[in-house]
Amino acid sequence: MNTESSTASNRGNPSSGPEASVLIIGAGLAGFSTARQLRSLGHTGRVRIVDPEGLPYDRPPLSKDYLLGRTDQTGLLLADAAWCEEHEIEILTGAVASLHPATGEVVLVDGTVLDADVLVLATGGTARKLSIPGGDLGTVLELRNRDDADRLRHALLPGIRLAIIGAGLIGAETASAARELGAVVVLIDPMDPPLVPAVGPELARRLHDMHAEKGVTVVTGIPESITRNEGQHIIALANGEEIIADAVLVGVGITPNTALAEASGLEVDGGIIVDSQQRTSHRRVYAVGDCARTRTVEGVLKRRAEHWENAMNSGHQAASAIAGVEAPTQRADWFWSDRHGVHVEGVGSMTEPGTTVIREADGVPVMAFRVDGEGYLLGCATVDGGLAVKAARRIIDRRIRVDPAHLADPTVNLKKLAR
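Just so we're on the same page, the numbering used here is the position in the sequence shown counted from 1, plus 113.
Keep in mind that the hints are not guaranteed to be accurate.
[As the list claims (entries may be wrong)] Label-pair distances were calculated between CB atoms; the ranges are:
(1) I335 with S153: 42 to 52 Å
(2) V222 with E487: 51 to 61 Å
(3) L270 with K327: 11 to 21 Å
(4) R183 with K327: 12 to 22 Å
(5) S244 with I513: 39 to 49 Å
Derived from the structure by calculation, the hints contain no laboratory data.
Small disclaimer: the values here were computed from a predicted structure and weren't measured.
Cβ atoms here follow ideal geometry from the backbone N, Cα and C, with glycine treated the same way.
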């Protein structure tokens with residue numbers, strides 16, 4: 114195993130292949146997946162991950178089990194120190210100040226200089242701030258990392274009034290957990306219902322209505338300002354309504370962390386621009402996860418995907434390219450979420466041109482399908498229907514034509530349609 118820094122000649126001529134040294138900036142799922150996949154592919158070059166938080170850990174539980182106290186910091190870890198040592202993946206705790214693609218050098222905030230044949234940017238994203246007066250108040254909470262979750266959990270005492278701005282996946286999951294912890298929750302979103310692009314209007318309506326059923330006050334509105342007075346927050350909405358809260362959480366998406374890439378001259382446009390193998394505009398540098406945005410061979414910029422599986426898959430794609438092996442076949446996008454005791458999953462796209470087909474159980478929508486004019490399945494979303502999503506994904510990936518009537522029929526097993 115090569116444990117030496119890259120030579121000057123290697124830094125001038127970056128290489129791929131099993132002996133290339135790799136430095137990964139960011140220890141989230143995307144960065145860790147890159148490192149883990151490199152070792153799975155037999156990569157023997159030096160692999161290092163640098164991150165201010167140290168060991169890699171999983172983010173989705175932050176708004177669920179971690180917030181509820183059902184798992185601790187150890188339970189969040191994607192790999193512990195012993196595993197990393199066994200697989201010869203070095204974890205460096207530190208923040209990166211700059212990177213220099215031409216030389217392969219990375220400078221940390223403390224002045225330490227690292228170098229590698231290949232650099233991988235896995236810098237993730239930062240919680241988007243509200244562009245309104247008071248949106249940057251230090252008492253306004255967000256939920257992107259472990260420290261954020263600890264701060265929120267400390268605030269969630271029984272009876273506390275929590276206002277959540279944004280009813281997407283993070284906002285909905287946090288509302289559910291906060292109610293379970295005894296908080297009085299107000300959930301604010303401009304859309305009624307939210308999440309239509311992800312699951313379709315019928316399931317979105319059902320899921321959003323669950324909040325009120327579980328004691329969450331749902332408000333449709335646009336915040337115009339947040340002020341703080343005598344320990345309370347006052348959220349003024351565009352319709353003139355005011356929401357009073359002890360704590361405020363904002364969950365309105367993320368902004369990709371592209372500052373390092375921009376400063377080093379890499380192409381950036383709503384994310385760090387990469388090709389299908391996660392290569393950036395410089396041959397030495399790759400980007401993975403939430404910070405990356407793919408440009409197709411036709412020159413079309415795709416929308417950034419901010420889901421767990423995309424982070425993992427993009428790491429696998431980059432690792433394959435670095436190791437010089439064929440990349441795994443890309444499958445239809447998949448996501449999941451949990452709220453108020455139900456499990457939500459989706460695969461593919463519910464927004465492509467086509468028709469939406471609903472499957473009901475006892476008059477309640479449980480599955481939504483998106484089908485194009487030729488009978489090809491484009492997307493599927495379910496409530497407590499993980500096996501159906503697995504079958505739907507196979508149907509999408511294999512380009513199997515389906516009869517919409519079969520999709521709507523609760524007696525038809527989707528697994529049979531996937532054969």
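Status of each hint after checking the structure:
1. Range check, I335 to S153: Cβ separation about 47 Å, and the 42 to 52 Å hint holds.
2. At about 54 Å, the CB distance of V222 to E487 agrees with the hint of 51 to 61 Å.
3. At roughly 19 Å, the beta carbons of L270 and K327 sit within the given window of 11 to 21 Å.
4. For R183 and K327, the hinted distance range of 12 to 22 Å is satisfied, since their beta carbons lie about 18 Å from each other.
5. In this structure the supplied range 39 to 49 Å holds for S244 paired with I513, their Cβ-Cβ distance being about 45 Å.
Of the numbered hints listed earlier, not one is contradicted by the structure.
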